[in-house]
Amino acid sequence: MHAVPLLDSSANDSDTPAPAEVPLRDLRRVTIHPDHWYPLAWSREVKRGKAHGVRFAGEPIVLVRTASGAVFALEDRCAHRQVPLHAGVVDGESIRCCYHGWTYDCTGRCIDVPYLGRERLPNGVRSYPCREVEGLIFVFPGSAVLADETPLPSLGSVANKAYKTRRFGREVKCHYSFMHENLMDMNHQFLHRRQMGQMRARSLGRRRGDGWVEVDYTFAREQGKQPVGEALVFGGGNKGSKGGQGGKDVMTVRTLYPYQTLQIRTSDGTLVMDLWIVYVPLDAEQRTNRTFGLLSIKKPGIPGILDLAWPLLVWFTERIFKEDRWIVESEQAAHDEQGADWNQEVFPVINELRDLLRECGVPEAPAAN
Amino acid sequence: MHAVPLLDSSANDSDTPAPAEVPLRDLRRVTIHPDHWYPLAWSREVKRGKAHGVRFAGEPIVLVRTASGAVFALEDRCAHRQVPLHAGVVDGESIRCCYHGWTYDCTGRCIDVPYLGRERLPNGVRSYPCREVEGLIFVFPGSAVLADETPLPSLGSVANKAYKTRRFGREVKCHYSFMHENLMDMNHQFLHRRQMGQMRARSLGRRRGDGWVEVDYTFAREQGKQPVGEALVFGGGNKGSKGGQGGKDVMTVRTLYPYQTLQIRTSDGTLVMDLWIVYVPLDAEQRTNRTFGLLSIKKPGIPGILDLAWPLLVWFTERIFKEDRWIVESEQAAHDEQGADWNQEVFPVINELRDLLRECGVPEAPAAN
Amino acid sequence: MHAVPLLDSSANDSDTPAPAEVPLRDLRRVTIHPDHWYPLAWSREVKRGKAHGVRFAGEPIVLVRTASGAVFALEDRCAHRQVPLHAGVVDGESIRCCYHGWTYDCTGRCIDVPYLGRERLPNGVRSYPCREVEGLIFVFPGSAVLADETPLPSLGSVANKAYKTRRFGREVKCHYSFMHENLMDMNHQFLHRRQMGQMRARSLGRRRGDGWVEVDYTFAREQGKQPVGEALVFGGGNKGSKGGQGGKDVMTVRTLYPYQTLQIRTSDGTLVMDLWIVYVPLDAEQRTNRTFGLLSIKKPGIPGILDLAWPLLVWFTERIFKEDRWIVESEQAAHDEQGADWNQEVFPVINELRDLLRECGVPEAPAAN
Chain P
1 MHAVPLLDSS
11 ANDSDTPAPA
21 EVPLRDLRRV
31 TIHPDHWYPL
41 AWSREVKRGK
51 AHGVRFAGEP
61 IVLVRTASGA
71 VFALEDRCAH
81 RQVPLHAGVV
91 DGESIRCCYH
101 GWTYDCTGRC
111 IDVPYLGRER
121 LPNGVRSYPC
131 REVEGLIFVF
141 PGSAVLADET
151 PLPSLGSVAN
161 KAYKTRRFGR
171 EVKCHYSFMH
181 ENLMDMNHQF
191 LHRRQMGQMR
201 ARSLGRRRGD
211 GWVEVDYTFA
221 REQGKQPVGE
231 ALVFGGGNKG
241 SKGGQGGKDV
251 MTVRTLYPYQ
261 TLQIRTSDGT
271 LVMDLWIVYV
281 PLDAEQRTNR
291 TFGLLSIKKP
301 GIPGILDLAW
311 PLLVWFTERI
321 FKEDRWIVES
331 EQAAHDEQGA
341 DWNQEVFPVI
351 NELRDLLREC
361 GVPEAPAAN
Chain U
1 MHAVPLLDSS
11 ANDSDTPAPA
21 EVPLRDLRRV
31 TIHPDHWYPL
41 AWSREVKRGK
51 AHGVRFAGEP
61 IVLVRTASGA
71 VFALEDRCAH
81 RQVPLHAGVV
91 DGESIRCCYH
101 GWTYDCTGRC
111 IDVPYLGRER
121 LPNGVRSYPC
131 REVEGLIFVF
141 PGSAVLADET
151 PLPSLGSVAN
161 KAYKTRRFGR
171 EVKCHYSFMH
181 ENLMDMNHQF
191 LHRRQMGQMR
201 ARSLGRRRGD
211 GWVEVDYTFA
221 REQGKQPVGE
231 ALVFGGGNKG
241 SKGGQGGKDV
251 MTVRTLYPYQ
261 TLQIRTSDGT
271 LVMDLWIVYV
281 PLDAEQRTNR
291 TFGLLSIKKP
301 GIPGILDLAW
311 PLLVWFTERI
321 FKEDRWIVES
331 EQAAHDEQGA
341 DWNQEVFPVI
351 NELRDLLREC
361 GVPEAPAAN
Chain A
1 MHAVPLLDSS
11 ANDSDTPAPA
21 EVPLRDLRRV
31 TIHPDHWYPL
41 AWSREVKRGK
51 AHGVRFAGEP
61 IVLVRTASGA
71 VFALEDRCAH
81 RQVPLHAGVV
91 DGESIRCCYH
101 GWTYDCTGRC
111 IDVPYLGRER
121 LPNGVRSYPC
131 REVEGLIFVF
141 PGSAVLADET
151 PLPSLGSVAN
161 KAYKTRRFGR
171 EVKCHYSFMH
181 ENLMDMNHQF
191 LHRRQMGQMR
201 ARSLGRRRGD
211 GWVEVDYTFA
221 REQGKQPVGE
231 ALVFGGGNKG
241 SKGGQGGKDV
251 MTVRTLYPYQ
261 TLQIRTSDGT
271 LVMDLWIVYV
281 PLDAEQRTNR
291 TFGLLSIKKP
301 GIPGILDLAW
311 PLLVWFTERI
321 FKEDRWIVES
331 EQAAHDEQGA
341 DWNQEVFPVI
351 NELRDLLREC
361 GVPEAPAAN
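Protein chains in written order, with the UniProt record's numbering: chain P, 1 to 369; chain U, 1 to 369; chain A, 1 to 369.
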């Protein structure tokens with residue numbers, strides 16, 4: 001066993017300076033920064049005239065779709081007895097608590113207590129900036145004054161008719177940082193050997209800017225044939241053999257805090273796959289996240305063929321995601337047990353990613369005396 | 001979110017003095033006072049020649065019904081290896097531990113260890129004062145010397161042949177104080193709108209005495225018709241229309257620590273419904289309680305009609321209790337998450353009830369250094 | 001309730017000196033000593049070319065059976081991302097982590113990282129001494145330098161063809177010390193009264209040596225007839241009536257730390273039953289153990305009759321073990337709730353056993369600052 005946790009040991013990484021003597025913050029305890037737009041639900045989950053309870057990093061939030069179809073977001077507990085507002089009744093453009101009928105408008109103001117005069121109304125609840133776009137309901141959980149100046153993220157090719165998009169997501173029981181590292185370290189193809197055959201990733205280079213880091217890969221098949229499902233997702237051999245020398249596809253994985261993208265381009269620059277994904281912490285400890293992903297595939301020349309193959313693509317991606325979910329949950333379980341980050345990371349871009357996630361997260365509170 | 005928990009904020013309550021500057025005890029951490037008689041089981045649960053394990057506020061207690069039919073109550077663990085005595089064997093008027101056969105009489109004295117001489121018998125276990133009345137087995141978990149001078153509670157109309165009584169109860173995962181507040185604040189009729197239609201409670205006045213607080217209500221139907229189940233429980237419209245001006249029924253809810261009653265009287269003073277209820281904490285944290293309730297309904301003039309309608313009454317009350325259980329468990333869950341009482345109570349009698357429950361509970365231990 | 005936990009109170013035990021004034025260590029918090037050989041799996045659980053994850057006192061250990069059939073034991077987490085190696089791939093005589101393919105040999109050395117040069121290989125993982133004997137895989141979890149000088153335990157009559165052996169085991173949710181005390185205190189026959197009828201154990205005497213304690217018993221039937229299952233296990237009445245005066249069987253129960261044995265000999269000295277058993281802590285708190293038992297029965301004169309009766313013996317022993325598991329788990333539950341050992345032990349050999357288990361366990365760490 002290790003006497004001392006190894007944080008981002010870079011002893012084997014000749015092109016990175018040696019780590020400073022000060023111990024690094026445990027990345028798995030870095031809180032995600034709330035001053036960004038986070039999707040908290042799919043539009044279809046919030047039906048007209050209904051309320052829907054969600055969580056962001058432990059904060060209960062109710063999404064309300066009113067009679068007019070608009071959506072607003074409030075703290076999900078009545079100011080009176082703290083029970084969830086999402087169990088209440090949508091009444092026109094307001095929501096009424098299920099217990100004693102206290103009523104709130106879209107700003108969180110209490111506008112009615114049935115057994116009190118209007119002149120004695122109590123304080124209301126917090127409201128959150130809320131926007132709906134491309135089937136996602138985004139909430140700004142941080143400082144509300146920053147919401148207007150903070151742009152919504154670009155959602156990849158989801159609005160481009162030349163692409164077909166799969167919306168997917170699930171709960172994963174791990175810190176969001178494991179998700180970023182999993183996707184960015186393509187050496188983990190070994191995990192998917194049963195789905196993809198033995199592929200070897202080759203890192204072409206990495207770049208880092210303000211709030212982002214990215215890396216390019218090509219892939220070489222070591223053994224076996226390309227599965228049909230994979231050909232659909234990543235592009236088939238007819239566009240340029242991955243195993244050959246010329247005309248290789250390039251995959252670029254980027255974390256643009258707090259979002260992540262994965263794009264595959266053919267040698268002629270065509271974007272054949274475009275994934276946008278984000279990992280939203282659910283609990284206060286940030287040990288669970290809900291993934292919202294938009295996977296856009298460029299439609300091939302023959303109309304309808306992608307629709308035909310879609311069930312196969314869904315099946316293939318689900319199997320990949322299942323393996324990824326299992327492994328990141330195993331990482332979290334190891335961290336829970338060890339109580340610290342014992343990782344011995346040797347891959348340079350992952351160490352850069354880890355620095356980025358630390359820097360962009362909520363700064364550590366100064367130590368109490 | 002609230003920076004500071006709001007304890008019994010009475011800012012909107014003009015007829016109550018402003019709260020003192022000293023922070024109030026968190027009511028949800030007030031331990032119920034053990035120097036009262038509490039029912040711990042229904043008589044039918046403790047069969048002749050059998051032992052039955054129960055809990056009071058975390059203390060394991062075994063109820064033993066001996067060969068003669070008498071019931072006694074002991075600490076539910078053998079003095080030897082601490083295993084539950086309720087798994088043992090009732091032997092005449094004593095109980096024998098299932099493991100090595102240590103035997104205790106009704107006072108808790110160890111009267112036999114099969115492999116030791118009688119002259120070397122070890123210490124026994126604690127016994128509790130125990131009484132059986134009206135199908136309930138009451139135990140006095142506090143200071144035994146106070147048991148004789150403390151009367152058993154009056155159980156309402158259960159012994160009156162003019163009434164038919166439903167015995168009911170269940171475990172509810174919340175502090176007992178939420179139960180008292182739920183029943184006493186009849187503005188929560190909104191919660192039962194699907195069962196009862198929209199009713200509005202009107203508080204007629206409240207009274208407070210030594211160890212008790214009570215409040216009177218009338219009800220006005222705002223919408224819909226009276227359901228049949230409700231007519232059975234609360235009395236039908238033929239006895240005086242609740243919606244009309246004259247002849248209204250009056251409901252009185254009283255907490256007489258630690259018990260609670262709810263009575264409905266018609267305008268001519270007839271007691272048509274008489275509920276006695278108590279909420280017995282099960283765990284040491286007092287986050288779970290077992291309810292014991294006796295709901296007595298005055299038999300109408302036509303013989304047998306109440307028996308005929310009984311299944312409907314059971315069905316109706318079960319649905320009401322299910323909603324109440326769900327909401328008080330939601331309140332407890334909110335308290336667990338918030339770690340403090342954020343309630344913003346505005347209804348005067350509930351604030352009086354909260355004071356009563358604080359005053360009658362176990363006094364706070366002086367702070368350790 | 002007891003104001004003070006009673007640790008091994010021996011007030012009633014005239015032949016044992018009064019306990020010293022210093023409070024005894026809580027036996028249920030004494031950590032088992034790792035400098036012994038412990039079985040961590042049955043041989044059949046570790047198939048050729050497969051890895052199998054186990055635990056010793058919270059330490060995750062992977063048992064690997066290579067292509068050649070040899071077994072080795074490593075720390076069950078990859079040095080890279082800490083995920084369990086037992087989910088990996090056995091590759092010849094090495095094991096490859098399932099995630100990014102890091103590879104370890106039988107000494108725990110990292111011999112390959114697919115995307116790093118061989119000259120930059122990172123540190124590996126811990127290995128454990130490992131031996132396979134009589135269908136059990138033994139590991140030495142303590143100081144590896146002591147493994148060679150520490151003999152494997154003698155496994156009773158398992159290798160003797162005159163005996164037939166049942167291998168059994170299960171997880172039991174209690175500290176290992178409860179298991180030792182359960183088996184050694186034969187006054188607990190009362191627990192098995194439904195399986196065995198009422199038997200009274202009589203202690204003939206006890207002996208203690210360096211690292212061991214043992215006690216002899218005879219049994220007298222108080223009531224009922226000997227069940228057939230019991231006759232098979234403990235020997236039937238035709239070898240000497242247990243209830244009679246002459247020719248009694250003698251049972252010897254011995255703890256030879258950390259193992260335990262139970263042997264029954266007839267009056268002519270024939271060993272008719274020979275049990276070897278050990279209780280391996282699984283979790284770091286040592287609140288759960290896995291039992292590995294070898295129950296050897298002397299074959300009677302008529303060939304095949306024991307095989308014929310074997311299912312009955314299995315059924316009988318399973319019922320006994322089920323009762324024992326339930327009671328020791330009840331003891332653990334009581335200890336968890338009480339937070340201390342309140343036992344009031346009066347049987348001398350059990351108090352000696354408790355001393356032995358304390359002395360042989362891991363010494364208490366000196367108090368911090």
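Hints were generated in silico from the structure; no laboratory data involved.
One thing to keep in mind: the hints can contain errors.
Stretches of chain P that chain A covers, calculated by requiring three or more beta carbons in the stretch to come under 8 angstroms of a beta carbon on chain A [to be verified]:
1. 182–191
2. 258–264
3. 343–350
A virtual CB, placed ideally from N, CA and C, is assigned to each residue, including glycine.
Could you tell me which of the hints above the structure violates, numbers in ascending order?
2
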